[in-house]
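2 protein chains.
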Amino acid sequence: MISREPSDLLVAAREGSRTALARLLTYVESGGAHHRDTVTLAYGAPAPYVVGLTGPPGSGKSTLTDRLITLALERGRVDDAESFDQIAVLCVDPSSPFTGGAILGDRIRMQDHATNEHVFIRSMATRGHLGGLSLAVPEALRVLGAVLFPVVLVETVGVGQMEVEIASEADTTVVVTNPGWGDSMQANKAGLLEVADIFVINKADRPGVRETRRDLEQMLDLGAARSWRPLIVETSAANNDGTEALFEAIDAHRHFLGRENLFAARRRRTQGELDKVVATMLRSRVIDLARGSAYEREIEAVLEGRTDPYMAAERLLLEP
Amino acid sequence: MISREPSDLLVAAREGSRTALARLLTYVESGGAHHRDTVTLAYGAPAPYVVGLTGPPGSGKSTLTDRLITLALERGRVDDAESFDQIAVLCVDPSSPFTGGAILGDRIRMQDHATNEHVFIRSMATRGHLGGLSLAVPEALRVLGAVLFPVVLVETVGVGQMEVEIASEADTTVVVTNPGWGDSMQANKAGLLEVADIFVINKADRPGVRETRRDLEQMLDLGAARSWRPLIVETSAANNDGTEALFEAIDAHRHFLGRENLFAARRRRTQGELDKVVATMLRSRVIDLARGSAYEREIEAVLEGRTDPYMAAERLLLEP
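If you read the sequences in order, they're chains Z and W. Number 41 in our numbering belongs to position 41 of the first sequence; there are no gaps in the numbering. Number 331 in our numbering belongs to position 11 of the second sequence; there are no gaps in the numbering.
Calculated directly from the structure, the hints in this document are not laboratory data. Hints may be right or wrong, so weigh each one.
Just the calculated beta-carbon pair ranges, DEER-fashion [as the list claims (entries may be wrong)]:
id: 1; chain 1: W; residue 1: Val606; chain 2: Z; residue 2: Ala245; range: 52 to 60 Å
id: 2; chain 1: W; residue 1: Glu335; chain 2: Z; residue 2: Arg285; range: 41 to 49 Å
id: 3; chain 1: W; residue 1: Val606; chain 2: Z; residue 2: Glu304; range: 46 to 54 Å
id: 4; chain 1: W; residue 1: Gly592; chain 2: Z; residue 2: Arg206; range: 56 to 64 Å
id: 5; chain 1: W; residue 1: Glu394; chain 2: Z; residue 2: Arg285; range: 27 to 35 Å
Okay, the calculated bits of chain Z under chain W, using three or more residues with CB under 8 Å as the criterion [what the hints assert, rightly or not]:
id: 6; region: 31-41
id: 7; region: 44-52
id: 8; region: 206-217
id: 9; region: 262-270
id: 10; region: 281-291
id: 11; region: 296-305
Every residue gets a Cβ at the ideal spot worked out from N, C-alpha and C, and that includes glycine.
Put together the whole structure using the sequences plus the hints.
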């Protein structure tokens, strides 16, 4: 029987146990007793290189992911220095509390990889963890890094605020569009422009590619100047056209980041994570306070005129 | 020249200085250096008996308030035990950041009382105090209590969530309606039902009184059972009809509350206030944290794998 201890599970997962890895990911996903130990272990290890893919449902993200996995593993075989010999894929659907629908379909499509021992595919859902997906995803990425996956692909369905926030946990963020993409992206255009390092026009065998590219270029011209101008790549994943170009674009961005830019970006994201953890802890502290006997004592003291709400609050917040 | 110290101001205000009282109220309204001392002094004194009046603009609240002031002062003269010899009125318009419009008009209408030394009338606005009106109003009520006003009338304009929240800071809450009131109240019916101790159908000389009373009774029948069933009083404040009946209804509710129910209600409100103060303090603590050097140190530690965001957050929150 497999241990439930995060440290034992980490050893087993590093030796290749997918059951152990799955259990660690459940700990960060669901919270609970082993959550904190898992996080401590995960943050003690180097972070993996993370590629985020997001785009509206039906834009072909999963087929692209599929192709990228194949390319990464091929590259891993020929060029050991890149160490792309293992790859993990995290599929996140923030709009759904359970794993199902599109993502389940995607997993089935990816299943020739699923039996490949170099590939690990996992769908993620929120299950009552206080910080929600916005904390569970970065924690899962650190777990995968600790289990020594050098690269993780995060796929999110949708282009809303939350999806974009998750995709931007990545070092390289790919936004997948289609010819005539306008309508599906309009609502969060500014958000997408801010996070995208690469735009993919997938299904580029369909009409409207030129207009879509022109729209994107115009948007980029109007947007704030960045040291990296997002690349635009045309693909037809279903026909395996342009997927190598996408792979090269991702690689180009990885080289652009280098040590310095990568560190700056990770610093910014770490700050975001810390803010979320602080906010989450404060929220649960208020809930705990409101249930405690110290809280009742302070209310009595205010009612009896022995103190005021500010002194009472200060005393409560000093309690460990 | 008048002192700026809250303790000096309190002494002066108790001796009748309206300037001193106004300054104390500005301290609770605007926050700032003297805010905390003012609150500490105010909560050390007994709370006044508070009557809240709320209703849509134009329902005639101010004319009713006017009549109630007159009745209370008359009562104070004949029945000293009730000690209604002084009365304070707080006019609050949460929808307006400044004092003006309807409330200014109301003040002018009330001005025969304004020169009466037994009456104190004050309009309140939010001016950047962190907790906003939802903290400033209860604090102002305590200040008025500390200055030995036995009774305070709080008038709020509107029937939205915020107005109802403020009105329900009162021991006795009066909701002012008019014949054919439905439309203006529909949106927050449940909220009004929950807080009202007395419904007034003002302008009862107009058609539709019977239907409005029937609607109210039906709502009360359908609502959750309470030990006090809200009274319904018909008035025509402009003609001074029914205002004595309203005064009696308020008095009946005050007697119903007695010591025990009054304490229970005040306990519940004190709890609400403490929760707001705790939340306000936590919010400003997060803002302070994000500016501090300890915060920067913790981010570095997470980035270098020496700690994880949870340990970092805990250390930050333990700092004084």
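Legend entry - Indices of hints not satisfied (ascending): Structure breaks hints 1, 3, 5 and 8.
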